[in-house]
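**Student:** Assemble the dimeric complex from its two separately framed chains, guided by the hints.
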Amino acid sequence: MSCELCNAIQNKNTILFEDEDIYVFLAEKAATMAHIIITTKEHFETIEQVPDYLVAWCFAISSKFSKLILESLNVQGLNLLVEVGAGAGQVQPHFVLNLIPRVQNDNLPLTWQPTKVEQNELMEHQALYKKATANRWVFEQKEGVKTTTNSPATPSNGEVIKQVDGEDNYLIKQLKRMP
Amino acid sequence: MTEQPDPSQCIFCKIIKGEINSLKVYEDEQCIAILDINPATKGHLLLIPKEHYQLLPQLPEEMMAHLGQVAKWLTNAAMKLFGATGVSINGPTGGLAGQNAPHAILHLIPRYPEDNIGLVVPKQNIPLDQLKKLQMSLAPKIKELLGFDINGDQSNASSPQSAEESKPEAESPKQLPPAEESEVRSPKSEDAQSSEESPDSEGSTLDDITEMFGGSK
Chain V
1 MSCELCNAIQ NKNTILFEDE DIYVFLAEKA ATMAHIIITT KEHFETIEQV PDYLVAWCFA
61 ISSKFSKLIL ESLNVQGLNL LVEVGAGAGQ VQPHFVLNLI PRVQNDNLPL TWQPTKVEQN
121 ELMEHQALYK KATANRWVFE QKEGVKTTTN SPATPSNGEV IKQVDGEDNY LIKQLKRMP
Chain A
1 MTEQPDPSQC IFCKIIKGEI NSLKVYEDEQ CIAILDINPA TKGHLLLIPK EHYQLLPQLP
61 EEMMAHLGQV AKWLTNAAMK LFGATGVSIN GPTGGLAGQN APHAILHLIP RYPEDNIGLV
121 VPKQNIPLDQ LKKLQMSLAP KIKELLGFDI NGDQSNASSP QSAEESKPEA ESPKQLPPAE
181 ESEVRSPKSE DAQSSEESPD SEGSTLDDIT EMFGGSK
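First to last, the protein sequences are chains V and A.
So the first sequence is numbered by my numbering: it starts at 1 and just counts up by one.
So the second sequence is numbered by my numbering: it starts at 1 and just counts up by one.
Bound-form chain A, shown alone (with noise of 0.2 Å):
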């Protein structure tokens, strides 16, 4: 999905069209819905906005409520025709997450028993306190795209849950470049995000916290 993102090459666009033939289920003005030719399970469908965007966040608050609707909608369709006992609605971003394709796509994968694919989220217990300052690093941020004010919610002080202040995640041993990351914050550093609650030692805290990802292995 590296490639030059150039949407008249786009495969996805080329079968929205009807350039490329595809196994349509479901469009309107927005989306299309299409049988995945190489299946995760039986029933798995890709639902493709029309319009090409790359990454599924870049696409407007509305059209993301549209599709969410019809994933709605088309789920249950699947659990009734397929006798599925569940669906797996995934929007990968990234490769890393499961994107292999320039096109920002949703995908809805009935599951039955015993289908021995991924898809299953493992748990872990983090621990309280470093939500919270991950919570408190974000409230700037949340502030100003929702003006919505964590703090001024807080009206409940949850502090009998820090007495579980056990010891912090083990380190991991990875060390993801931080220096390199924050060069692509900075275009939005214009959002002001140290500006509010001087999070700047709370930048630091978003480094530490990311490296404490994936601890569990």
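Pulled out of the complex, with its shape left as it was, chain V reads as follows (with noise of 0.2 Å):
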């Protein structure tokens, strides 16, 4: 099959995690090294495809694998990126969620520019967005797919680094080396 993920998840070269769901790998064609992708093994084209549920669960995972990356190597950043559409850079037709890890000069172009708009164009612009968002969204679910992953072996999600005493936790210590 041409599908460039499709074939990843049959061919399990780098694979890092997997359930019925979902394939975690290193990407091979990655903006660097230690670039992780998450997918669905179901080839969905875009995120407005994937059901709610596992769009849920791909993030909770990418939680996971975030501190990973931050906790088991010498990175200083990280983005968390979905390129949706082909206008966002979407070139395979396959729902991919990435974690790009960043180090300092490593020139990867996920930057941009702010601009300067009207009050009132944004207030236009609110207008649209608030008629999208009138109706109370309710999510679709699913019983036994995950929002978390729940491994015994860490503490409460997210307790372990949040913060104690006004200390830093390791993370933001990890990062505020950078200038």
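Simulated from the structure, these hints should not be mistaken for laboratory data.
Treat the numbers as computed from the prediction; the structure is a model and nothing was measured.
Do not take every clue at face value.
Computed list of lysine-lysine pairs in DSS-like fashion (alpha-carbon distance at most 30 Å, straight line) [claimed, not checked]:
#1 V:K146 / A:K132
#2 V:K116 / A:K50
#3 A:K14 / V:K142
#4 V:K131 / V:K142
#5 V:K41 / A:K132
#6 V:K131 / V:K116
#7 A:K143 / A:K132
#8 A:K50 / A:K80
#9 V:K41 / V:K12
#10 A:K143 / V:K130
Quick look at which bits of chain A chain V covers, simulated, 3 or more residues with Cβ under 8 Å [claimed, not checked]:
#11 9 to 19
#12 22 to 31
#13 132 to 146
Where is the CB? At the ideal position from N, CA and C, for every residue including glycine.
**Tutor:** And the structure:
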């Protein structure tokens, strides 16, 4: 099959994790070393097609692997990036969540220039969005699909890296070394 | 973002509390979404957890899961409302990654033809043997955190690919200070990163691999 993601799922060359629904691996065509990809085993072309509960699970798993990257590797930052649509750079028609480690001078073009926009234009955009969000959103859930890894080895989610007594936790200390 | 992380001074916490004005477009119990007043492109949203976390990886997993779902729906809305040809969902952690506020934020940036902003993920080919080394180095931690055995799952030899064991990526002259960084890792050493499969030799591999970052430039 011609989908690179489906092929990677088949080959399992650089697998890091999988379950019935998702597959996590080290990218061979990558922004940088240790670029991790989280994807659905089913061939969904964009995030719009991915069921909400699978989007949720991918993001939950991304949290785990983000911590893994920051803890295990000498990196100074990380970009979680989802390219939705060709306009955002999506090349393979298969939903992908990228975790891209950052180091100094890596020259990755993952920034942007802020622009100046008139207040009334912003308010127009706000009005448009608010129409779309007017009704309460109810996300599709599915029995048996998780939204947390709940691994017993880790303290309750996030607790280990919450600040204690105003002291910076290790993640922040590590990232503070950046200019 | 490297100032004292005092939540009471956090601009986004003040926005969430309503102490500072914002152009809010979405709100639920866990998060809000507001327009970026200095947007990258038209319709640029900031998706913000209500609880104060300085970095995205600090969020509880369920909260991250929730943000992902909201991001999906906001992305759909952005594409329909603004005729965008795509949306970049970008969660930067750390100043180097583009994080410029001490509050975890997920950016939703609609994309348009010739918008001339960055946010393009370049792709280079990483040699498979290096990835395999990295994979094995991470295996113990993955086993510990997720109960998943990479080795146990490797039913497929994949050795044909290792035939393309070309020279490793050209060494980057950049010297990251591994000694300093390892101080940061040591608080977590209780997680027995080096206990199971004696990746002590792999410890140096992780440093070597890190030095190869950014080898394309």
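**Student:** Given the hint that V:K41 pairs with A:K132, does the C-alpha gap stay at or below 30 Å?
**Tutor:** 21 Å, holds
**Student:** Does V:K146 pair with A:K132 here, judged by a C-alpha cut-off of 30 Å?
**Tutor:** 29 Å, holds
**Student:** Quickly compare the C-alpha distance for A:K143 and V:K130 to 30 Å and report which way the hint goes.
**Tutor:** With a Cα-Cα distance of about 44 Å, the restraint between A:K143 and V:K130 is violated, given a limit of 30 Å.
**Student:** Taking beta carbons only, do three or more residues of the segment 132 to 146 of chain A come closer than 8 Å to chain V?
**Tutor:** holds (count 10)
**Student:** Given the hint that A:K14 pairs with V:K142, does the C-alpha gap stay at or below 30 Å?
**Tutor:** 35 Å, violated
**Student:** Would the hint linking V:K131 and V:K116 be met if the CA-CA limit is 30 Å?
**Tutor:** 24 Å, holds
**Student:** Can the restraint linking A:K50 and A:K80 be considered satisfied, given a maximum Cα separation of 30 Å?
**Tutor:** Given that 30 Å is the threshold and the Cα spacing comes to 26 Å, the pair holds.
**Student:** V:K116 and A:K50: Cα distance at most 30 Å?
**Tutor:** 26 Å, holds
**Student:** Are V:K131 and V:K142 close enough, with their CA atoms no more than 30 Å apart?
**Tutor:** 28 Å, holds
**Student:** With the threshold set at 30 Å, check whether the alpha-carbon distance from A:K143 to A:K132 stays at or below it.
**Tutor:** This hinted pair holds, its Cα atoms lying about 16 Å apart.
**Student:** Are at least 3 residues of the segment 22 to 31 of chain A within less than 8 Å of chain V when you compare beta carbons?
**Tutor:** Three-residue rule met by the segment 22 to 31 of chain A, so holds; n is 5.
**Student:** Does the segment 9 to 19 of chain A contain three or more residues whose Cβ lies closer than 8 Å to a Cβ of chain V?
**Tutor:** violated (count 0)
Hints 3, 10 and 11 from the earlier list are contradicted by this structure; the remaining hints agree with it.
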